[in-house]
Amino acid sequence: MAEDLLAGSGFDLLLTLLAYQAGLWAYHRSGGHPLLLPVWVGLVLVVAANLLLGRSYADYAAGTAALQALLGPVIVALAVPLYLHGAPMRARAARILGLCLLTGVVTAGCVAALVATLAPAEPLLLGSLLPKAATTPIALELSASLGGLPALAAITVMLTGVVGAMAGPGLLARIGVTDEAAVGFALGVSAHAVGTARAFEISPRCGAWSALGMGLTGTLLALLLPLLA
Amino acid sequence: MIEGLIGLLAAQLAGTLLAALLGLPIPGPVLGLVLLLAYLLLRRGPPPGLNRAAQTLLAYLPLILIPPSVGLMEHLPLLARQALLLVAVIVGSTLLSLAVCGWLGQRLLGQHAPGVGGEPASPAADPDADPGADPGANPGGRQDG
Numbered sequence: 001m002a003e004d005l006l007a008g009s010g011f012d013l014l015l016t017l018l019a020y021q022a023g024l025w026a027y028h029r030s031g032g033h034p035l036l037l038p039v040w041v042g043l044v045l046v047v048a049a050n051l052l053l054g055r056s057y058a059d060y061a062a063g064t065a066a067l068q069a070l071l072g073p074v075i076v077a078l079a080v081p082l083y084l085h086g087a088p089m090r091a092r093a094a095r096i097l098g099l100c101l102l103t104g105v106v107t108a109g110c111v112a113a114l115v116a117t118l119a120p121a122e123p124l125l126l127g128s129l130l131p132k133a134a135t136t137p138i139a140l141e142l143s144a145s146l147g148g149l150p151a152l153a154a155i156t157v158m159l160t161g162v163v164g165a166m167a168g169p170g171l172l173a174r175i176g177v178t179d180e181a182a183v184g185f186a187l188g189v190s191a192h193a194v195g196t197a198r199a200f201e202i203s204p205r206c207g208a209w210s211a212l213g214m215g216l217t218g219t220l221l222a223l224l225l226p227l228l229a
Numbered sequence: 001m002i003e004g005l006i007g008l009l010a011a012q013l014a015g016t017l018l019a020a021l022l023g024l025p026i027p028g029p030v031l032g033l034v035l036l037l038a039y040l041l042l043r044r045g046p047p048p049g050l051n052r053a054a055q056t057l058l059a060y061l062p063l064i065l066i067p068p069s070v071g072l073m074e075h076l077p078l079l080a081r082q083a084l085l086l087v088a089v090i091v092g093s094t095l096l097s098l099a100v101c102g103w104l105g106q107r108l109l110g111q112h113a114p115g116v117g118g119e120p121a122s123p124a125a126d127p128d129a130d131p132g133a134d135p136g137a138n139p140g141g142r143q144d145g
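Chains as they are written, first to last, in my numbering: chain A, 1 to 229; chain B, 1 to 145.
Treat the hints with caution; some may be incorrect.
What the hints assert, rightly or not - If the Cβ cut is set under 8 angstroms, some of the chain A residues that face chain B in the computed set are: (1) T136; (2) T160; (3) L223.
To be verified - Listed next, the stretches of chain B that the computed footprint assigns to chain A, with coverage defined by at least 3 CB atoms under 8 angstroms from CB atoms of chain A: (4) 22–30; (5) 34–44; (6) 55–63; (7) 71–84; (8) 96–106.
Just so you know, the hints here were simulated from the structure itself, not pulled from any lab data.
The C-beta atom is built at its ideal place from N, Cα and C for all residues, glycine as well.
All chains, please: the whole structure from these sequences, using the hints.
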């Protein structure tokens, strides 16, 4: 698109905020259904609007540069809840770190095996799906260095969160995982922010373990995956 | 708030420069996260301005995630072609991760886990714990959910 009439008009930011606000409204009206998370509704509305208006992603991205500039600082900001939840658990640091690393690597390995078997000719998919055990903002950054599509990585992690938060508590109960620390930790490591929100509904202790597992796994994978891949 | 944002941006810059200097393929903001975490561990807690800036930004995390995710609109054919695979990979690996982590977590982190006993909330079970860092002093938990 050579001429972008809306460049510099604030249109893209306005569209994004309106779509997000609509998402918040739908989420609260539904009583907090995980399929109506504000980020989903907002995303679908923005994509639909761009397609209808014939706007390219490049134009939209240029118009939302202000929001995109916050992605880096928000990743750094994850250190604060990580510290607050992690400091009281320091005596168990070794087994906590080991558990995060093992689960993250098992998940990435499972993804790699499935993609390599089912779609060996799609290298973009592998790079986008490998970081799915990391929390969304970290997975976004990570997929770029792994040769994937950041957008697909983000969607994958969000869907992972929805699946994990919906199926997690039932599955864990069935295999005899009853301790709130273990339930929270598994939800955070496997289902990220959506799982952590679910864990906080179970109890604050469950939620704290979830936030810790989410932050640590994302960080460890981001340090490890680029060196392995 | 501004002090906190300065701290976050400084950590991001330091992380990005460090990754470039060492030739590491690790994303700069992630190294920034690690540097900030090291600082918090040394300082035994976040300064109030940093705490406020971090919690405010994290409260808007879903909004911040929308623009990069919209990039998906350029790859709708790939998505349609591989929809089944995506669903299989997402569901399969998530359930596996839940089972592995939950099963091991029950044995390693639970209240009846061998070795390190008890809840970290009790001072006796956690001699390293910062006296100011008991869960009662940890109200900052909700904003990342």
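Here is how each hint holds up against the structure:
no., hint, verdict
1, T136, "holds, 6 angstroms"
2, T160, "holds, 5 angstroms"
3, L223, "holds, 6 angstroms"
4, 22–30, "holds (count 7)"
5, 34–44, "holds (count 6)"
6, 55–63, "holds (count 7)"
7, 71–84, "holds (count 8)"
8, 96–106, "holds (count 11)"
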